[in-house]
Each structure stands twice: as C-alpha cells, then as structure tokens.
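A.B. asks: Listed below are the residues making up each chain.
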Amino acid sequence: MLAQFLQFAMSGLTVGAVYGIVALGFTLIYNASGVMNFAQGEFVMIGGMVTVSAVGAGVPLPLAALIAVIVAASVGVLLQRLAIEPVRDAPPVVLIIITVGAALVIRGVAQIVFGKQLHKLSDFSGDTPLAFLGASILPQALWVLAGTVLIVALVWLFLNLTMLGKALIATSANRLAAKLVGINISFILALAFALSAVIGSAAGILVTPITFTYAEVGTLLALKGFAALVLGGLGSPLGAVIGGLLLGLSEAFAAGYLSSTYKDAVALLLMIAVLLLRPGGILGHAGAERV
Amino acid sequence: MMARFRQNCWFEPALIALIIIIIGLVLPSTYYFRIATLVLIAGLSATGLNLLLGYAGQISLGHAGFVGIGAYAVAVLPAKFAVPSLLAVFCGTLVSGIVALIIGRPILRLKDHFLAVATLAFGILIAMVLNNEQWLTGGPDGMAVPRVELFGIRIRSAQSWYWICGGVLVLAVVLARNLLDSSTGRALRALHDSEVAARSAGIDVARIKSIVFVISAVFASLSGSLYALFNGHVTPDIASFLNSIEIVTMVVLGGMGSLSGGLVGAVILVVLPQALSFFHEYEHLLLGLLMILILVFMRAGIVPTLAARWARGRT
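Sequence lines, in order, name chains F and E.
Numbering follows my numbering, with no gaps: position 192 of the first sequence is 192.
Here my numbering runs 1000 ahead of the position in the second sequence, where the first position is 1.
This is chain F alone, in the form it adopts within the complex:
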C-alpha cells in the first residue's frame, strides 16, 4: 500500500518537476515581456533532441548537454529577435499566434533534422532501480529532482544577486521606469528568452532518459506547464514550480488509482476547472480591467 503510494508519488514528482520548470520558463518571459510564449515546450524538446543526437555522434554526455543548452539559448534569442521584437506593441492575440507559429517552425525544423520517431537517451548513472520502503526508484528520477532544485536555486540566485537579474526584475516591474534608469530593455528581453530556453532545455536533458522525446512533444508539455502556472498563480516563479509538482502528483495518482488512458486529460481538466472556478482570482484581482 505504502510502497505503491510512494511509487506513484515519486513518478509524479519527477514529471512534475519538468512541468514546474516549463512553468518557470513561462513566468520569466511573461514577467519581463508580457508575452505568453507558446514555444516553451519546444525548448524542452530541443534540450532532449540535441543531447540525444550529440551523444549518438560520440560526444560525451556533459559536453552534449552543454551543446544542447547553447542551441536552445540561441533559438530563444532568435525567437525574440526575429518574431517577437518586430511586433512588440501588437495586441496579445497577435503575439499568441506568433509564438504558436514559432513553436510550429521549431517543431518542423526538429522533424527535418532529427526525424519524427521517438528518441531515447540512456540513463545518466545506470538503470538499476534503488529500493526505498518497498518502492523502486530510478536513479534518473533522483537526477531530475536534484537537477530541478539546482535549476530553481540558480535562477533565484541569478535574479536576486546579480545586476543583470535585478535588471530583469526591474523590467518586469515597470518597463518604462527600468528604461529611465538606463537598463537596456531590448537586451533584457532577449536575456529573458535565453534564460527561459536554458532552463527548459536543461529540464529536457534530465527527463529524456525517462520519458523519451520526439519532435511534437512540445504542445502537451507547454499545455501542462501552463496548467502548472495556473495552479501556482501566474507571475510567481516559486508558485510555478509548486504548481508543477502538484500537477505531476495529481497526474500520477490519477493514472495509478483511476485510469491511465486519460492521464493527460487530468492536467487539462484541472486547469480548466481552476480557470473557471476562480475567474480573475488567479491573477489576484477581479472585475473590470483598468484603462
């Protein structure tokens, strides 16, 4: 009984960590630029895909991971420069469609470069499960959890202790005021996209040995990351990560105790329910918008 519970909880936390990081990536970009980047799931895909190919080509894993992160960061910056910057003052609907378009482009390129099949990366430190109170835990799951803690800690340190991070926070708080104190807004926005791509791809690298990856994995990941965001409260980086973990847990328990056929539906239903039952409440304010 306990063993089963632990088993589900562990797998829930593992995938939940990835949802949380996707949500954190959403938050970084959204806070800085007001853009909801629907290509967020593609960063995770790039991380996994590039690492798999590089390892397949004989590159050692750490170097392959580094290459993947650099590729993702470049794609993030390109996305901001080529697709977002030219339409910066466009209405939200236009920005949404642009990032959806960007997601399709990245996915399309991935299909051409890596093919449409499933890709698998071997576990970082063997696949012998560790026994823990009757549950068996994959070493890779520990990698994912430890990696997530590290990523979140690094993002926190970056935002709070470096000048650049503080400039990013300032831009999020008030773009005009940030510009007035001499912050290079355009650079900061590109930085937000790069940072978001870096953490997304890192999560992709960590989780690919468990979940595999394929060119079209991004849509569902982005949706679930967004669901995590909604659960945790839009705009709060810590809330995003907690929302992700909560979502992963509910998914794993629903799949374990109810039915695994509709495992993916859990996140979507949960998100729609929260959105509808707490209209405006998620954002912390209700009623008419200010004009």
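No lab work stands behind these hints, which were simulated from the structure alone.
You may find that some hints are simply not true.
As the list claims (entries may be wrong) - A few chain F residues that face chain E, going by a derived Cβ cut-off under 10 Å, partial list only:
1. ALA102
2. LEU176
3. PHE226
4. MET271
Heads up, the beta-carbon is just placed ideally off N, CA and C, and yes, glycines get one too.
Following the hints, complete the assembly by docking chain E onto the known chain F.
C.D. replies: Only chain E this time, still in chain F's reference frame:
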C-alpha cells in the same frame, strides 16, 4: 456609386456566390472538383472562426474540436445508431452548439492567453476522446462514413458535393454578413476595440461573445460533417491541434475581420499542399513560417492589405 454598392450587405455574398458558380462551370476534372470542395469546406470553418477571431477579437486554438464533433456525428450516428445522415448532421451541429453554449460563457470570461489555452485544452480533450474510445470511434485508425442518400439518390460525385458545399458556404456567408451588419455586429466591433468601453456603453459583452462562439462552433461542426460525408472516412486527426492551427492560419493569412479574407486563406492553405508536393512533409514548418511572416510584414492579412492599397491607388 460603386462604393455605395460595396457597402450593401448583399455585395460580398453575391460576389462569392458568383465566383463559386463560375469556378464550378470551368473546372475540368473530378480532381479539381475535389480540391475545390475541400476549399469550400475549409472556408466554412474559416468563416466561423473569422467571426470570433477577426471581428470579436477572441482567440480559439481548439476549433478543430468542433470540426471533430461534426465529423464524428455523421460517422458514428448512422453506423451505430441507424440515424439517417442528414439528421446526424443536424445532431452534430446541435451538440456543437450546445457544447459551445455551455463552455463558451465561462471560457470567454478569460482573456487572451488564458482563453487561448482553455480552448486549446478543449480541442485536445476532444481529440483524446476520439483516439481512446475505440469501441465508438474506431480509435486512431478512424472509421468509415456511410454515404448520404438524398431523395433515394446516393451522392458520390465530387461535382455534386461541390455544389452542395458551395450552397452551404454562401448561406453561411450571408448569415455572417447579416450578423455583422446588425446591432450585434456593431457590438462585436465595439468589443474588439475595447471591452471596457463596450461594457460601459451598455453592451452585454458576455452574451455577444457567447453568440459568436456558438455560431463559429456551428460553422466548424457543419464543415466537419460535410468533410466526413464527402471524404467517406474520418480519423481523429480532424480534431487535432494542427487542424485548429490551420483554421487560425487561414483567417490570419487572408485577413482577420474580412469574410472574403478568410476564404482566400482557405484557398491558399488547401491549394498550396496540392501544388507543392513537399508541403505535407514540411507542414509544421511552413504553417508556422506563414503565420509569423504574415503577422510581421502584413498584419492585416492579404485581402485587407490589398484592398487598402487599391483604395489608395484610386484616390
């Protein structure tokens, strides 16, 4: 005098009807009729989404969900419950309308990306059900759709489907044009410019959004039914995310807020894959590029941009 004529609400539908008739008379072979019919079917869902996205400014990334409901209504009901096809079309439309009515009101309270994600989730849920309920829908392989019989005659030829779909599309455009020229249409445009201002002016914003959402869902569902009957086979792909995006791209490409724009978008996105044999292979890439390029360089879309240029050139 010409300008006055163009303002008449019958001008656009009449022009579209004329073009459909002329094309129907000159098309050389069944192959072309097939493609033209697909254009008309796509144009129907694009017209619906254009009302929502282009005129009301509300995004939906899950409209293929309604297309899926319509398509599977004419596949499942006749095959499993012996419902006549035409009645099944009506049932599908009714179900889509009711679903849109029920989910529309709460969902449309959401703004921008929340709305985008909620509708996206809706579409994916529908596709998930169609994929998983194998006993009913045949699963990922899809199922055959029984042919329609009208007055005892089996409708098979692409030519007959062309005229049927053309008729339905013209009716839909007339309906849409009339809606836009009514007080509801004015309310829609007010809503698009500023929701707060519209509400202050006494417009029941929730009701207007809900009406447009239902109409766009009904159009999508109808186009799904027509497609399924015409094609004779449906798969869950019809409700896929990619299909939702395709409808959005048609509207963005042709022109948000221009009925003929949506149709031009439909023509391009249906004909292009036929003309370029590699299109299907690179579907994601090309669709995405098209969306970005149009929004960056020609944000109003093809038809409004050309219309503005033409008007400028004349004065």
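A.B. asks: Each of the hints needs a verdict: does it hold here or not?
C.D. replies: Right, here's what the structure says about each hint:
no., hint, verdict
1, ALA102, "holds (6 Å)"
2, LEU176, "violated (21 Å)"
3, PHE226, "holds (5 Å)"
4, MET271, "holds (6 Å)"
The structure fails hint 2 only (numbered hints given earlier).
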